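Generate coordinates for the entire structure from the input sequences, incorporating the hints supplied.
Read off the chains here:
There are 2 protein chains.
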Amino acid sequence: MKTYVTGMARTRTGERWDVSIRDLAAEAAEEALDDAQTDRVGAIVVGNMLSGPLASQENLATIVADAAGLVGVEAIKVEAACASGASAIRVANALVASGEHDSVLVVGVEKMTDTSPGHTTAALSLAADGDYEALHGATFPALVALMMRAYMEKYGYDRRDFAGFSVNAHKNAMGNPKAMLRRPITEEDYMKAPIVSSPMGVMDSAPICDGAAAIVITAEGRFDRRQDRPAVRLLGSAGATDTAAVATRRDPLWLEAAYRSAKRAYQLAGVGPDDIDVFEAHDAFPAITVLALEASGFAKPGQGVMLAKCDEICLRGRLPISTMGGLKARGHPVGATGVYQAVEACLHLRGEGGSNQVENARIAMAQNIGGSAACIVTSIYGRED
Amino acid sequence: MKTYVTGMARTRTGERWDVSIRDLAAEAAEEALDDAQTDRVGAIVVGNMLSGPLASQENLATIVADAAGLVGVEAIKVEAACASGASAIRVANALVASGEHDSVLVVGVEKMTDTSPGHTTAALSLAADGDYEALHGATFPALVALMMRAYMEKYGYDRRDFAGFSVNAHKNAMGNPKAMLRRPITEEDYMKAPIVSSPMGVMDSAPICDGAAAIVITAEGRFDRRQDRPAVRLLGSAGATDTAAVATRRDPLWLEAAYRSAKRAYQLAGVGPDDIDVFEAHDAFPAITVLALEASGFAKPGQGVMLAKCDEICLRGRLPISTMGGLKARGHPVGATGVYQAVEACLHLRGEGGSNQVENARIAMAQNIGGSAACIVTSIYGRED
Numbered sequence: 514m515k516t517y518v519t520g521m522a523r524t525r526t527g528e529r530w531d532v533s534i535r536d537l538a539a540e541a542a543e544e545a546l547d548d549a550q551t552d553r554v555g556a557i558v559v560g561n562m563l564s565g566p567l568a569s570q571e572n573l574a575t576i577v578a579d580a581a582g583l584v585g586v587e588a589i590k591v592e593a594a595c596a597s598g599a600s601a602i603r604v605a606n607a608l609v610a611s612g613e614h615d616s617v618l619v620v621g622v623e624k625m626t627d628t629s630p631g632h633t634t635a636a637l638s639l640a641a642d643g644d645y646e647a648l649h650g651a652t653f654p655a656l657v658a659l660m661m662r663a664y665m666e667k668y669g670y671d672r673r674d675f676a677g678f679s680v681n682a683h684k685n686a687m688g689n690p691k692a693m694l695r696r697p698i699t700e701e702d703y704m705k706a707p708i709v710s711s712p713m714g715v716m717d718s719a720p721i722c723d724g725a726a727a728i729v730i731t732a733e734g735r736f737d738r739r740q741d742r743p744a745v746r747l748l749g750s751a752g753a754t755d756t757a758a759v760a761t762r763r764d765p766l767w768l769e770a771a772y773r774s775a776k777r778a779y780q781l782a783g784v785g786p787d788d789i790d791v792f793e794a795h796d797a798f799p800a801i802t803v804l805a806l807e808a809s810g811f812a813k814p815g816q817g818v819m820l821a822k823c824d825e826i827c828l829r830g831r832l833p834i835s836t837m838g839g840l841k842a843r844g845h846p847v848g849a850t851g852v853y854q855a856v857e858a859c860l861h862l863r864g865e866g867g868s869n870q871v872e873n874a875r876i877a878m879a880q881n882i883g884g885s886a887a888c889i890v891t892s893i894y895g896r897e898d
Numbered sequence: 514m515k516t517y518v519t520g521m522a523r524t525r526t527g528e529r530w531d532v533s534i535r536d537l538a539a540e541a542a543e544e545a546l547d548d549a550q551t552d553r554v555g556a557i558v559v560g561n562m563l564s565g566p567l568a569s570q571e572n573l574a575t576i577v578a579d580a581a582g583l584v585g586v587e588a589i590k591v592e593a594a595c596a597s598g599a600s601a602i603r604v605a606n607a608l609v610a611s612g613e614h615d616s617v618l619v620v621g622v623e624k625m626t627d628t629s630p631g632h633t634t635a636a637l638s639l640a641a642d643g644d645y646e647a648l649h650g651a652t653f654p655a656l657v658a659l660m661m662r663a664y665m666e667k668y669g670y671d672r673r674d675f676a677g678f679s680v681n682a683h684k685n686a687m688g689n690p691k692a693m694l695r696r697p698i699t700e701e702d703y704m705k706a707p708i709v710s711s712p713m714g715v716m717d718s719a720p721i722c723d724g725a726a727a728i729v730i731t732a733e734g735r736f737d738r739r740q741d742r743p744a745v746r747l748l749g750s751a752g753a754t755d756t757a758a759v760a761t762r763r764d765p766l767w768l769e770a771a772y773r774s775a776k777r778a779y780q781l782a783g784v785g786p787d788d789i790d791v792f793e794a795h796d797a798f799p800a801i802t803v804l805a806l807e808a809s810g811f812a813k814p815g816q817g818v819m820l821a822k823c824d825e826i827c828l829r830g831r832l833p834i835s836t837m838g839g840l841k842a843r844g845h846p847v848g849a850t851g852v853y854q855a856v857e858a859c860l861h862l863r864g865e866g867g868s869n870q871v872e873n874a875r876i877a878m879a880q881n882i883g884g885s886a887a888c889i890v891t892s893i894y895g896r897e898d
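One line per chain: the protein sequences are A and B, in this order. Residue numbers in the first sequence follow my numbering, run continuously in steps of one, and reach 898 at the last position. Residue numbers in the second sequence follow my numbering, run continuously in steps of one, and reach 898 at the last position.
The set of hints was computed from the structure by calculation and includes no laboratory data. Every value quoted in this text rests on a predicted model; they were computed, and no experiment measured them. Heads up, a few of these hints could be off.
[What the hints assert, rightly or not] Just so you have them, the derived chain A footprint on chain B, three or more residues with Cβ under 8 angstroms:
id: 1; region: 563-569
id: 2; region: 669-677
[Unchecked claim] Derived DEER-like restraints, expressed as beta-carbon distance ranges:
id: 3; chain 1: A; residue 1: G785; chain 2: B; residue 2: P743; range: 17 to 25 angstroms
id: 4; chain 1: B; residue 1: D552; chain 2: A; residue 2: Q780; range: 18 to 26 angstroms
id: 5; chain 1: B; residue 1: G734; chain 2: A; residue 2: G864; range: 40 to 48 angstroms
id: 6; chain 1: A; residue 1: D764; chain 2: B; residue 2: A635; range: 52 to 60 angstroms
id: 7; chain 1: A; residue 1: A760; chain 2: B; residue 2: D787; range: 37 to 45 angstroms
id: 8; chain 1: B; residue 1: G783; chain 2: A; residue 2: G810; range: 44 to 52 angstroms
id: 9; chain 1: A; residue 1: R662; chain 2: B; residue 2: V715; range: 55 to 63 angstroms
id: 10; chain 1: B; residue 1: D787; chain 2: A; residue 2: E897; range: 55 to 63 angstroms
id: 11; chain 1: B; residue 1: D552; chain 2: A; residue 2: I708; range: 40 to 48 angstroms
id: 12; chain 1: B; residue 1: R553; chain 2: A; residue 2: E872; range: 52 to 60 angstroms
id: 13; chain 1: B; residue 1: A635; chain 2: A; residue 2: E701; range: 46 to 54 angstroms
id: 14; chain 1: B; residue 1: G783; chain 2: A; residue 2: G650; range: 51 to 59 angstroms
id: 15; chain 1: B; residue 1: D547; chain 2: A; residue 2: G785; range: 37 to 45 angstroms
We treat Cβ as the ideally placed atom computed from N, Cα and C, and that holds for glycine.
Structure, rendered in structure tokens:
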């Protein structure tokens, strides 16, 4: 059964001390339902990683259903580390495509700034392999820094070669009123940034923040086609895993889960890398962006970092990425990120990208990565008109 | 598309200090795959509530996939408080019924005894409404005790009237080699038990424990029908919610989410309460059992507690419940419980219930309840031969 994105919304990211996690989620939920012009969904699926440790709330989907005025509907929270958002979309899509519900609301939400940064960093480490990574003190920046260093040594690159990804992300955030870091950075800013975990600095790292995004997924024939905007269809999506710990992989520089999920999503959508007009990459760290570009078929191994140039990845480049600022500058509220990516990809398909609109975008891909590339969901959306 | 339970397993419950959460989950996963005679599933869905706070591990489905030798498959964790297990079954079933995967493994797992009981009780309170219940010190026993007292006062019952549920559960656990509390209790034991939250005592309360259970769900036509046992089909299931906080419900003694989910499951399965041969009730507390029996159509409001008699609920009664000990005596590893219930219901349909076999069981229902009856999943399974 064909499924469509019939409503979408995203809140401003940043330090949202004005709202609790339930109200932040409800803000996105209600706006997405308004956008879909419906108040009837059969279920709500919430993508969230850390509401227990950081917001003292589990059973979160029921809480959000209640806050959003949807008491009665089925409610399920989905957790897959930083890939929770896209995994929630996968679940909602299956509930619709199987005929269980005509329409399902997905809300991705994370509240990360109501506690100390140290506590939040420790909580994020729960996504690493507890016994073989986190217990030994490895945080995510540390794990990815090792991957970045291995890449630089294997292929002979310098730190500076990665700068273009962050420069592009910050530039694009300027045109996104919902983004957290709406200011430009230069290559020199990138190079001079304080080191977080060598060779990675602050300008390699996506910021912790609060945020919520929502989409409504509806079965074909169960909504009225609108005259004022094109329909957006979920052409295909897939999830895949790798070993949880980086050290146990045959090749730590090959993202097998990105390869597998992208391959299957391409198959289902009937497209290939050359057909993608917009790519919302999971740019939590540039090294991950590079490896994901390679595994998803956009560059050969060892050449992904060469895409960090404006004619490649800028809004008018060959493959625009991080079009609304990406994780780096829009912000990375972890469980919400995958839903933000979906919304941002679909904005271009609707022609609602504002000053950041990618011209003539017809097929958009979003890739959401959890753990150290341990679980990855790739989704491809298409414009119908 | 019709879907079947083609494999199932459950571990011994109790204090499983011999294994970590990943190994406990893998134990059930591998046994269920063996039972299904397959090593090929497209995804793993893990039902779990508290792996973050209690086992220092999120991204749990990827971790379990890795531990169970399933690296590569899609992996999703589902959280819906104590209804996490059945919600995971709902997600897996949708992934199969939508055609995304031919076969999906569900693992319910919880590790609750590696920390202090006080810490575990606090973590369980994360399933209550954080702002309106938990923050004020309300634990689950306290919330349910208020419901039990209201029931007793409204309908004129005594504490003793509830005893039969716990007596039945402990009796049935004697015949279940995987159960935690394999010892009988009498009505006097029930009455003399230390009070936890008046009017509820220890013998009203399901024990905290570790445990994992697993089932394999497969699409019709994607598995070989076996000669040595009947096929078990998931006839219908549904999830529904009520307000998160008990105090905001119109009637705290009416479980609207049980009513809604049971009604839809009956519709999908084409059966009614009179057709149910086995009912795995969510007997975390007898007051919840009573209200669930009423809302699910097995008794009129105010009369559910009258079913606490052997000719009603025992293995040879009119509606056998808690047939393998229920939450009360098999144990309640919260995120795993819904999967234990599914396995136990299906054991009767396969004729593999051992000394606890319910004769001629053809239709079995399981009901999994999260929060103070805030989110509820009802599932109905049928025997085909």
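Consistency of the hints with the structure:
Coverage of the region 563-569 of chain B by chain A holds in this model, with 5 residues showing a Cβ closer than 8 angstroms to a Cβ of that chain against a need of three. With 0 residues carrying a beta carbon less than 8 angstroms from a beta carbon of chain A, the region 669-677 of chain B misses the three-residue requirement, and the given coverage is violated. Under the hint 17 to 25 angstroms, the C-beta atoms of A:G785 and B:P743, about 46 angstroms apart, miss the expected range. For the pair B:D552 and A:Q780, the supplied restraint of 18 to 26 angstroms holds, since their beta-carbon distance comes to about 23 angstroms.
Between B:G734 and A:G864 the Cβ separation comes to about 43 angstroms, which falls inside the hinted range of 40 to 48 angstroms. For A:D764 paired with B:A635, a C-beta distance near 43 angstroms fails the hint of 52 to 60 angstroms. Remark: the range hint 37 to 45 angstroms for A:A760 to B:D787 is contradicted by a beta-carbon distance near 58 angstroms. At roughly 47 angstroms, the beta-carbon separation of B:G783 and A:G810 lies within the given 44 to 52 angstroms, and the hint holds.
Our hint of 55 to 63 angstroms for A:R662 and B:V715 holds, since their Cβ atoms are close to 56 angstroms apart. Restraint check, B:D787 to A:E897: a C-beta distance of roughly 48 angstroms breaks the suggested window 55 to 63 angstroms. The hinted window of 40 to 48 angstroms between B:D552 and A:I708 holds, with their beta carbons roughly 45 angstroms apart. As the Cβ distance of B:R553 to A:E872 is approximately 44 angstroms, the hint placing it in 52 to 60 angstroms is violated.
Against the hinted window of 46 to 54 angstroms, the Cβ-Cβ separation of B:A635 and A:E701 comes to about 49 angstroms, which satisfies the hint. Between B:G783 and A:G650 the beta carbon distance is about 57 angstroms. The supplied range of 51 to 59 angstroms therefore holds. Separated by about 39 angstroms at the C-beta atoms, B:D547 and A:G785 satisfy the suggested range of 37 to 45 angstroms.
Consistency with the previously given hints fails for numbers 2, 3, 6, 7, 10, 12, ordered from lowest to highest.
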